[in-house]
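> Listed below are the residues making up each chain.
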Amino acid sequence: MVMVLAIAGVDNTQKPTPLSFPIPPGWPAPSYDFKKNPPTLQGFVLGRRLFYDERLSRDSTISCASCHQQFGAFATYEHSLSHGVGNTLTSRNAPALQNLAWQKEYMWDGGISHLDLQPLAPMTAVNEMGETVGNVLHKLRRDTGYQRMFKEAFGDTTINTQRMTKALSQFVLMLVSAQSKYDRVTRGKDSFLLPERLGYAIFQKKCSSCHKEPLFTDGSYRNIGLTLDNTLNDYGRMKITGSRQDSLKFKVPSLRNVAITHPYGHDGRFFSLLNVFDHYRKNMQLTLLTDTILQHRLPLSNFEIGQSTAFLNTLTDTAFLKNPFFAPPGYNITPMFIHRH
Amino acid sequence: MKSPWILIVFSLFLCLSGFTRQRAHQVTIRFDHYVGQAPLQLSDTAYHNSFGEPFTVEQFKYYVSGIVLIAKDGAVQAVDAGPFLIDQADPASRLLPLSTSLSSLQSIRFIIGVDSITNTGGVKTGDLDPMLGMFWTWNTGYIYTRLEGQSDSAHAPAHRYTWDIGGYKPGINAARTVVMPLNGIKENLVIKVDLLRLFDGVHPVRISQNPVCHEPGELAMRLADNYATLFSSLP
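Protein sequences, first through last, are from chains D and B.
Once you know that position 263 of the first sequence is 554 in the working numbering, the rest is easy, because the numbers rise by one and skip nothing.
Once you know that position 142 of the second sequence is 1016 in the working numbering, the rest is easy, because the numbers rise by one and skip nothing.
Note that these hints are calculated values from the structure, not bench results.
Just so you know, not all the hints are guaranteed correct.
As the list claims (entries may be wrong) - In silico EDC-like links for lysine to aspartate or glutamate, alpha-carbon gap of 16 Å or less:
| # | chain 1 | residue 1 | chain 2 | residue 2 |
| --- | --- | --- | --- | --- |
| 1 | B | Lys1043 | D | Glu595 |
| 2 | D | Lys496 | D | Asp350 |
| 3 | B | Lys1060 | B | Asp947 |
| 4 | B | Lys998 | D | Glu345 |
| 5 | D | Lys530 | B | Glu1092 |
| 6 | D | Lys530 | B | Glu1089 |
| 7 | B | Lys1043 | B | Asp989 |
| 8 | D | Lys430 | D | Glu345 |
Given these sequences and hints, build the entire structure.
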């Protein structure tokens, strides 16, 4: 709504049009410092253009959106490991991009401490976009369309790392998912079906200490008894902190839109929700470093799994998945999501 | 709304001017890089460290920040316009023109590295632009010092040794403060930077044992202790 109003007032020769950031009712204050990067319509539009631009990669084959697809809540859809340039594979499953303003650290291992810094990692990793920041800027500077867009967003045609990443942040910050059935129910505008209600009670009892409402993550890093894959050798958080205690810890992912963000886990090893439930109830490898609240695994009956799944489906936010403002420039409607296993 | 700030700024100005002994003047600091007594060249020429290990230098750069000048009467002035990236490949970067109102300088203090707020505060411009490569994108943080080249003693791929030294978190903070006497220098200060001390200034670090340093941690901390010893003033 805010953006619709804003678009009506676009004037290319004037100062950029401020965009207000929607904080859903009952949510905590965002962690992102908007004062240092106030969102504008022009900054958002520029960020969206960058997000969908394959030229950010070395061989112009991969954009941010290649691994962060809107119909999959901006996660990698149906691929376990996200793909990089030149037939490379990354070592992880690109996570959903939603409600990023409430995150303090980024990546499955939390290695990146600021949203503006985040795009530099995939851009420069040889098994992701494989490009240098300098080359990306060079390509953008030669494009008169970008010159115009940077001027509209920032006042002049200077194109540098800071402006590029601030614009990208302005786009991804707006990816707020807060209109699921769950949200409508908590706001008194809808009601759960019986399985959903029963599943919600089970969820609150067994899952919500880590997948904390309303963001459905507490932002912590936990060892949930995953075995080490000996081709990836990904120890997660330990690589960042250097501490043995952090071995095989990964960030607790949000469960918003969980029904359509499969496969699951940092390396996409779980192909369905049932795989995940089975992991927790019987496949966990218990070690001294396994999270204390999972020392006895997580007993779940088939009934509980069924009801919980019904509840988790209420976290799918179709308004977010189909929001035309988040679609590639030139598309008013994103590909419809109707595909569910 | 603005008037309290103007007052604050003005009173700060008054405070600062109380320490001044004369009007602002320029002091130029120049960093001259050496390997022992030989001026550093980025080339195929091999130098030798005190362990007898041969090494060439392809890149040598580091961040200098938090520069403070101290006068003989104890007056202290922060002349911070940095952080500056000092790069052997860019002679202009090795000259820092600073403005100070202190006369009869006694010593200078600066930091090799950048503070934690700069490390985590998002994307910066100028000398701090992550585009310059002195930044870890996958594990946020600046690389404070880089020394890279080839060495027959390096058993890493292509016999390269690559030292990227940094880290800002408690316990693995690689920023180091350097204090140097100025010996009454008035205008032009030449700081001699002896690369050989990076191998043995405090801790012996052999290329043969540690050809690669690519993350904050214990090795980076030892190398950081060493780089704090590189600097001395030339008469």
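> Within a Cα-Cα threshold of 16 Å, do Lys998(B) and Glu345(D) meet the stated pairing?
This hinted pair is violated, its Cα atoms lying about 24 Å apart.
> Going straight from one Cα to the other, do Lys1060(B) and Asp947(B) come out at no more than 16 Å?
15 Å, holds
> Taking only the CA atoms, is the gap from Lys530(D) to Glu1089(B) under or equal to 16 Å?
It holds: about 9 Å lies between the C-alpha atoms, which stays within 16 Å.
> Is the straight-line distance between the alpha-carbon of Lys530(D) and that of Glu1092(B) 16 Å or less?
The hint holds at about 14 Å.
> With the threshold set at 16 Å, check whether the alpha-carbon distance from Lys430(D) to Glu345(D) stays at or below it.
Judged against 16 Å, a Cα distance of about 11 Å means the pair holds.
> Does Glu595(D) sit within 16 Å of Lys1043(B), going by the straight-line distance between their CA atoms?
Judged against 16 Å, a Cα distance of about 43 Å means the pair is violated.
> Verify the proposed pairing of Lys1043(B) with Asp989(B), using a straight-line Cα cut of 16 Å.
10 Å, holds
> Take a quick look at whether Lys496(D) and Asp350(D) sit within 16 Å of each other, Cα to Cα.
It is violated: about 49 Å lies between the C-alpha atoms, which goes past 16 Å.
The structure fails hints 1, 2 and 4 (numbered hints given earlier, in ascending order).
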